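Using the sequences and the hints given, assemble the complete structure.
So the sequence lines, in the order shown, correspond to chains B and P. Under numbering that gives the first Met the number 0, the residues of the first sequence are numbered 0 to 556, in order. Under numbering that gives the first Met the number 0, the residues of the second sequence are numbered 0 to 359, in order.
Everything labelled a hint here was simulated from the structure, so no lab data went into it. All of these numbers come straight from a predicted model, not from anything done at the bench. Be aware that a few hints might be false.
Listed next, the stretches of chain P that the computed footprint assigns to chain B, with coverage defined by at least 3 CB atoms under 8 Å from CB atoms of chain B [what the hints assert, rightly or not]:
1. 68-82
2. 89-101
3. 104-117
4. 137-147
Only pairs whose alpha carbons sit at most 25 Å apart, straight line, appear in this in silico DSS-like list of lysine-lysine [stated by the list, open to error]:
5. B:Lys438 <-> P:Lys201
6. B:Lys391 <-> P:Lys201
7. B:Lys419 <-> P:Lys92
8. P:Lys201 <-> B:Lys423
Chain B side only, calculated, beta carbon under 8 Å to chain P, not exhaustive [unchecked claim]:
9. Asn277
10. Asp281
11. Arg282
12. Leu283
13. Gly284
14. Gln288
15. Gln293
16. Ile294
17. His295
18. Pro298
19. Arg330
20. Ile335
21. Glu415
Cβ coordinates follow ideal geometry from the N, Cα and C atoms, glycine included.
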Amino acid sequence: MTLRHWLRPAGLALLALTGMAALARPGAAQAADHTGGTLRLTSATATGSIDPGINYTVQFWQVLFVTNDGLVAFDHTAGAASNDIVADLATSIPKPEDGGKTYVFTLRKGIKFSTGAEVTPDDVVATFRRLFKISSPNAASWYNVIVGADACLKTPATCTLAGGVVADDKANTVTFHLTEPDAEFFDKLATPFADILPADTPTKDLGTIPAAATGPYMITTNDPQKEMILKRNPYFKQWSAEAQPAGYVDEIDYSFGLTPEDEVTAVENGEQDFMFDNPPTDRLGQMSQKYTKQIHLEPLFAIFYAAMNVNMAPFDNKDARLAVNYAFNRRSAVNIWGGPRLAVPNCQILPPGFPGYKPYCPYTKNPGAHWTAPDMAKAKALMKSSGQIGQKVTVIASDRSSMAQLGTYLTSVLNELGFKATLKVISGNIQFTYIQNTKNNVQISVTDWYQDYPAPSDFINVLLSCGSFHPGSDASINISGFCDKSIDAQINKNLKTAVTDPAAANAEWAVLDHELTDQAPWVTMFTPKQLDFVSSRLGNYTYSDQFHMIFSKVWVH
Amino acid sequence: MSDSVIDTPTPADLSGGGMGEPGEAMAAARTRATEGPWRAGLRKLMRDRTAMGAVVVLILIILACVAAPWYAQHVSQSDPFQSNLDGQITIGKNTLDIMQADTGGLGLGVTPIGPTWRGQYFLGADDQGRDVMARMLYGGRNSLIISFASTVICLVLAALVGTVAGFLGGWVDTILARLLDVLWAFPIYLLAISLSIVLISKGLQIGPINIPSNSLLIPIAIIGVVYVPYVARPIRGQVLSLARSDFVLAARCLGVPSSRILFRDILPNVTTTIIVFAPLMMALNMLTESALSFLSIGVQPPSASWGTIIQDGEDLLYTQPMVAIAPGLAIIVTVLALNFLGDGVRDAFDPRAKLRVGKG
Numbered sequence: 000m001t002l003r004h005w006l007r008p009a010g011l012a013l014l015a016l017t018g019m020a021a022l023a024r025p026g027a028a029q030a031a032d033h034t035g036g037t038l039r040l041t042s043a044t045a046t047g048s049i050d051p052g053i054n055y056t057v058q059f060w061q062v063l064f065v066t067n068d069g070l071v072a073f074d075h076t077a078g079a080a081s082n083d084i085v086a087d088l089a090t091s092i093p094k095p096e097d098g099g100k101t102y103v104f105t106l107r108k109g110i111k112f113s114t115g116a117e118v119t120p121d122d123v124v125a126t127f128r129r130l131f132k133i134s135s136p137n138a139a140s141w142y143n144v145i146v147g148a149d150a151c152l153k154t155p156a157t158c159t160l161a162g163g164v165v166a167d168d169k170a171n172t173v174t175f176h177l178t179e180p181d182a183e184f185f186d187k188l189a190t191p192f193a194d195i196l197p198a199d200t201p202t203k204d205l206g207t208i209p210a211a212a213t214g215p216y217m218i219t220t221n222d223p224q225k226e227m228i229l230k231r232n233p234y235f236k237q238w239s240a241e242a243q244p245a246g247y248v249d250e251i252d253y254s255f256g257l258t259p260e261d262e263v264t265a266v267e268n269g270e271q272d273f274m275f276d277n278p279p280t281d282r283l284g285q286m287s288q289k290y291t292k293q294i295h296l297e298p299l300f301a302i303f304y305a306a307m308n309v310n311m312a313p314f315d316n317k318d319a320r321l322a323v324n325y326a327f328n329r330r331s332a333v334n335i336w337g338g339p340r341l342a343v344p345n346c347q348i349l350p351p352g353f354p355g356y357k358p359y360c361p362y363t364k365n366p367g368a369h370w371t372a373p374d375m376a377k378a379k380a381l382m383k384s385s386g387q388i389g390q391k392v393t394v395i396a397s398d399r400s401s402m403a404q405l406g407t408y409l410t411s412v413l414n415e416l417g418f419k420a421t422l423k424v425i426s427g428n429i430q431f432t433y434i435q436n437t438k439n440n441v442q443i444s445v446t447d448w449y450q451d452y453p454a455p456s457d458f459i460n461v462l463l464s465c466g467s468f469h470p471g472s473d474a475s476i477n478i479s480g481f482c483d484k485s486i487d488a489q490i491n492k493n494l495k496t497a498v499t500d501p502a503a504a505n506a507e508w509a510v511l512d513h514e515l516t517d518q519a520p521w522v523t524m525f526t527p528k529q530l531d532f533v534s535s536r537l538g539n540y541t542y543s544d545q546f547h548m549i550f551s552k553v554w555v556h
Numbered sequence: 000m001s002d003s004v005i006d007t008p009t010p011a012d013l014s015g016g017g018m019g020e021p022g023e024a025m026a027a028a029r030t031r032a033t034e035g036p037w038r039a040g041l042r043k044l045m046r047d048r049t050a051m052g053a054v055v056v057l058i059l060i061i062l063a064c065v066a067a068p069w070y071a072q073h074v075s076q077s078d079p080f081q082s083n084l085d086g087q088i089t090i091g092k093n094t095l096d097i098m099q100a101d102t103g104g105l106g107l108g109v110t111p112i113g114p115t116w117r118g119q120y121f122l123g124a125d126d127q128g129r130d131v132m133a134r135m136l137y138g139g140r141n142s143l144i145i146s147f148a149s150t151v152i153c154l155v156l157a158a159l160v161g162t163v164a165g166f167l168g169g170w171v172d173t174i175l176a177r178l179l180d181v182l183w184a185f186p187i188y189l190l191a192i193s194l195s196i197v198l199i200s201k202g203l204q205i206g207p208i209n210i211p212s213n214s215l216l217i218p219i220a221i222i223g224v225v226y227v228p229y230v231a232r233p234i235r236g237q238v239l240s241l242a243r244s245d246f247v248l249a250a251r252c253l254g255v256p257s258s259r260i261l262f263r264d265i266l267p268n269v270t271t272t273i274i275v276f277a278p279l280m281m282a283l284n285m286l287t288e289s290a291l292s293f294l295s296i297g298v299q300p301p302s303a304s305w306g307t308i309i310q311d312g313e314d315l316l317y318t319q320p321m322v323a324i325a326p327g328l329a330i331i332v333t334v335l336a337l338n339f340l341g342d343g344v345r346d347a348f349d350p351r352a353k354l355r356v357g358k359g
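What follows is the structure, given as structure tokens:
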């Protein structure tokens with residue numbers, strides 16, 4: 000036997016093993032080929048503070064999804080699984096104790112912030128205290144179930160959450176004690192508000208200064224007028240591909256300032272890889288013919304609606320509200336958004352495909368499951384019976400292109416019904432808070448709502464419960480001012496049912512959805528679809544229902 | 000009367016200028032020498048073919064805009080203020096959607112119907128499915144009304160301020176002149192935009208008078224006020240000069256009251272300046288109104304002006320550029336006509352212009 004004789008089978012065996020390994024993990028081999036490069040994103044504007052405890056926008060939640068982590072996270076994957084909760088900084092998802100009022104999270108060891116400091120239980124406690132100290136937008140509505148939250152809401156500066164969030168350094172655990180069971184507690188922990196920050200993070204809005212990161216990327220430059228640059232976090236080591244994958248690109252450059260028209264051109268020319276804003280409708284035809292492979296149409300759990308103030312004339316009259324609902328041509332609204340491929344007509348509170356959704360549309364010719372056509376005869380009859388003909392109405396819409404157009408159309412419908420309607424278009428920067436404040440006496444306004452997490456209460460409880468109506472405040476998300484005690488009681492009942500029986504709760508939410516639709520506090524217009532336009536070099540496009548395109552999952556090589 | 004407005008015959012006029020026999024020329028010159036300055040100016044204006052062409056164009060535009068309701072009812076057969084996003088029209092034997100869904104590729108997007116070059120949707124539809132031609136005519140009414148009314152306000156205010164400041168002099172002149180300076184110090188569009196944003200968000204309340212935010216009176220008032228310094232300062236200068244002229248000094252020496260001097264001697268001389276300014280200011284005001292309306296702070300929906308229609312067309316530049324081009328052309332033609340008319344009026348009534356004409 001010669002050495003050559005021995006080497007040949009050994010070499011073949013090695014080759015075979017390598018081949019088998021490659022076959023066993025094709026994704027890994029392929030993935031390795033795609034690592035590196037710079038992902039270039041563009042948007043017309045930045046959206047305010049980058050503080051995870053403050054920012055409440057899809058645009059920056061998309062960024063925070065790859066820079067920061069909570070105890071749990073939404074799975075960084077595509078499809079329905081992206082609504083699943085997975086353990087992130089915690090080793091596992093804890094089982095509820097004490098009838099759903101206590102959760103004990105064990106932290107993973109060795110996870111470091113981008114400062115080099117290790118994540119400890121004290122950081123978790125400090126993070127939740129900080130939410131109250133900086134008046135995080137949902138501190139009062141989401142995290143008020145934590146024991147001690149009431150005191151924190153009264154005097155944020157001295158917030159301790161004593162007995163509510165308890166750290167145990169020895170056991171490396173954090174225990175949450177709730178005042179009552181909360182079926183959506185994990186969902187709330189998986190949003191960027193609950194991203195864990197170092198305990199010494201200033202207890203004020205960080206504004207443009209990025210917080211320390213735990214994810215694969217950290218923000219190194221943030222100039223809202225110009226750009227945001229993300230580079231790899233040197234202390235990141237992947238602990239869970241579901242919770243926080245390592246990411247393919249080495250750098251992410253987010254530029255601000257282009258108009259949506261220019262964004263389309265930049266992506267077409269390969270100067271940018273992704274545009275955040277919706278493409279202008281007059282570019283859609285050209286894009287859909289020339290750049291078919293670069294367009295991704297994805298489901299969106301959102302609604303566009305006109306909120307009618309039920310506490311103020313003329314929409315304190317239910318017949319007037321019903322009349323507008325019957326007269327409103329949803330197909331016209333869909334046309335404004337870009338046509339039937341980009342939106343579906345909707346009459347109810349919940350968007351199609353959402354938990355608890357059962358199709359229902361009373362405001363159409365031939366009422367049934369779906370909207371087919373406006374019923375002007377019925378609408379005009381209702382207007383007559385309402386006695387509101389000739390009433391002056393001002394429609395408030397933002398200056399974002401489609402919103403202004405929807406406002407124009409709604410004004411036209413109101414005038415056709417016999418109102419004396421005018422449109423007031425105000426800056427998108429202030430419109431959303433302006434229409435919430437009852438001091439502004441807004442009668443009807445055009446707005447939208449995108450899910451925070453996949454639970455019916457995120458629409459019904461958040462947007463139409465008495466608890467979300469705060470007269471005189473800019474943060475009164477129940478824009479219609481709709482408050483019905485019996486419906487509130489059903490909401491509370493469903494929230495409790497969801498703790499033990501989510502399926503039964505969803506059935507109850509569906510009933511409530513239909514009841515609210517019958518009350519007509521809104522004119523629900525349509526549910527849009529997400530249109531992502533990406534460059535030809537961008538690969539492995541992955542869309543999460545929660546945070547849309549996942550920046551750490553795409554590659555540019 | 001001041002000699003500054005006497006229509007002195009030019010050498011060309013006196014020599015006959017190729018008009019016929021020397022005797023006839025002399026007779027014509029005699030007639031001109033005896034006719035008043037207004038009549039002479041008007042005659043000169045009528046002889047200006049470019050100015051007369053501009054007048055004809057302006058009259059046609061005004062007539063077309065006045066006929067807007069008739070056009071909407073009988074030709075376009077649509078309500079130009081009512082959205083029509085789900086409607087159809089019949090052209091020949093074909094029934095077409097006004098908002099046409101794109102069918103190529105992924106089938107994304109909806110495009111308004113383009114120009115049909117027929118009665119209905121002659122220039123196509125806008126993003127609300129409304130007839131652009133009908134809206135153009137209605138919009139033209141508002142553009143013309145605003146530019147005309149704001150010009151009247153501007154000229155009246157400017158004449159008042161300029162005359163009072165120049166004639167009274169002293170501390171009154173100092174205060175008014177500095178106020179004009181302050182107003183002039185602001186970039187004109189920035190000032191107009193700032194005022195528009197404030198007034199359009201809340202309307203205007205002056206004592207018991209409440210002007211709603213969507214009233215045309217707001218852009219009229221804003222545009223009328225911001226250009227006052229541009230007219231008032233030359234008028235003030237002219238009044239200052241006239242107040243020191245020999246005929247005014249003579250009148251004062253004769254004990255003629257100041258009010259009489261002002262109304263009989265000063266104002267008639269200033270009037271020519273105001274008339275010369277009128278068409279030029281109207282053109283300028285039309286451009287300003289269009290700019291403000293384009294920025295959503297001029298005419299408010301559902302009303303329209305040429306500026307708002309250009310704004311409607313901004314989102315359709317790739318697919319239906321006619322929505323923006325048509326009102327743009329209307330503005331260009333109207334402003335050009337006003338400028339040509341303004342030049343003609345200046346040549347006819349401004350003494351310095353007469354000198355230029357004479358040299359030519």
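Now for the hints, and whether the structure bears them out:
| no. | hint | in the structure |
| --- | --- | --- |
| 1 | 68-82 | holds (count 3) |
| 2 | 89-101 | holds (count 3) |
| 3 | 104-117 | holds (count 7) |
| 4 | 137-147 | violated (count 0) |
| 5 | B:Lys438 <-> P:Lys201 | 14 Å, holds |
| 6 | B:Lys391 <-> P:Lys201 | 16 Å, holds |
| 7 | B:Lys419 <-> P:Lys92 | 38 Å, violated |
| 8 | P:Lys201 <-> B:Lys423 | 10 Å, holds |
| 9 | Asn277 | 11 Å, violated |
| 10 | Asp281 | 4 Å, holds |
| 11 | Arg282 | 6 Å, holds |
| 12 | Leu283 | 3 Å, holds |
| 13 | Gly284 | 4 Å, holds |
| 14 | Gln288 | 4 Å, holds |
| 15 | Gln293 | 11 Å, violated |
| 16 | Ile294 | 6 Å, holds |
| 17 | His295 | 10 Å, violated |
| 18 | Pro298 | 16 Å, violated |
| 19 | Arg330 | 5 Å, holds |
| 20 | Ile335 | 7 Å, holds |
| 21 | Glu415 | 6 Å, holds |
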